[in-house]
Amino acid sequence: LFGALFACWIAVDPPVASSAQQPRKSAATPAPAAAYFPPRGEWQQQTPDAEGMDRSKLDQAIAYAVANENPATKDLALDIAATFGREPFDTVIGPVRPRAALNGLVIRHGVIVAEWGETRRVDMTFSVTKRIGRSYPSDGSRSHVRPARRIPTTGS
Amino acid sequence: MNWFLNTARKPLPHVPETAVAFEGNGRNIIYVDWEHDLVVVVRWIRGGDALDTFLGQILAAIAT
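Each protein sequence line maps, in turn, to chains U and B. Per this note's numbering, the very first residue in the first sequence carries number 1; after that it's consecutive. Per this note's numbering, the very first residue in the second sequence carries number 1001; after that it's consecutive.
If you're looking for bench data, these hints aren't it; they were derived computationally from the structure. Misleading hints may appear alongside valid ones.
Straight-line distance between alpha carbons at most 27 Å, and here's what the computed DSSO-like set of lysine-lysine pairs gives [what the hints assert, rightly or not]:
| # | chain 1 | residue 1 | chain 2 | residue 2 |
| --- | --- | --- | --- | --- |
| 1 | U | K74 | U | K130 |
| 2 | U | K57 | B | K1010 |
| 3 | U | K130 | B | K1010 |
Model, not experiment: these values are computed from the prediction.
The task is simple: from the sequences and hints, build the whole structure.
Take a look at the structure:
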């Protein structure tokens, strides 16, 4: 089913500096057209109400997610063995460690309005490296494909 | 990467057809919704319709 077991170690959220909180645009000011690109480690946070979301309903949704965590063991070595153990080439060749509990975040209008659990924990992220295939121009050329690195040879 | 469309709202009936989601085993999810200017990340949610239900509740929290 999930034959490719490649995984990357990533955290959902980069570390946030203590000076991350900055006042956002006031309600009286029309939203500027410029997109918000947070500086590294300084993603703005805001209350749900400020971004047009009902806090209690948002909390209910998060509670639903927490209650619907993957019921399998958090020990990913066991989980991988239980899931793929009967397939060929099932030996784990990389580091594996227990995962966090369910966690996540909600971004509205580009700013974080909710965050719960260990979002900064580095966990395995399955399938993040899967390929989606490649297409070539109809004339058969591969002009937009990066050429292979030339290997220098002596005397030529 | 495993980016999925929401064609005919079949995968995720409670969210717009224009939304997309990255889905990986576990499950790890990145949901992108331009109509609501919303991005939702959730890790280790169970399979089945839990994701659709969760996202539907998130959208219900948006004041209309």
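Structure-based check of each hint:
Restraint check for K74/U and K130/U: the C-alpha separation of about 23 Å stays at or below 27 Å, so the hint holds. With a C-alpha separation of about 25 Å, the suggested pairing of K57/U with K1010/B holds against the 27 Å cut-off. For the suggested pair K130/U and K1010/B, the alpha carbons sit about 23 Å apart, so the restraint of at most 27 Å is met.
Violation of the numbered hints given earlier is absent; every hint is satisfied by the structure.
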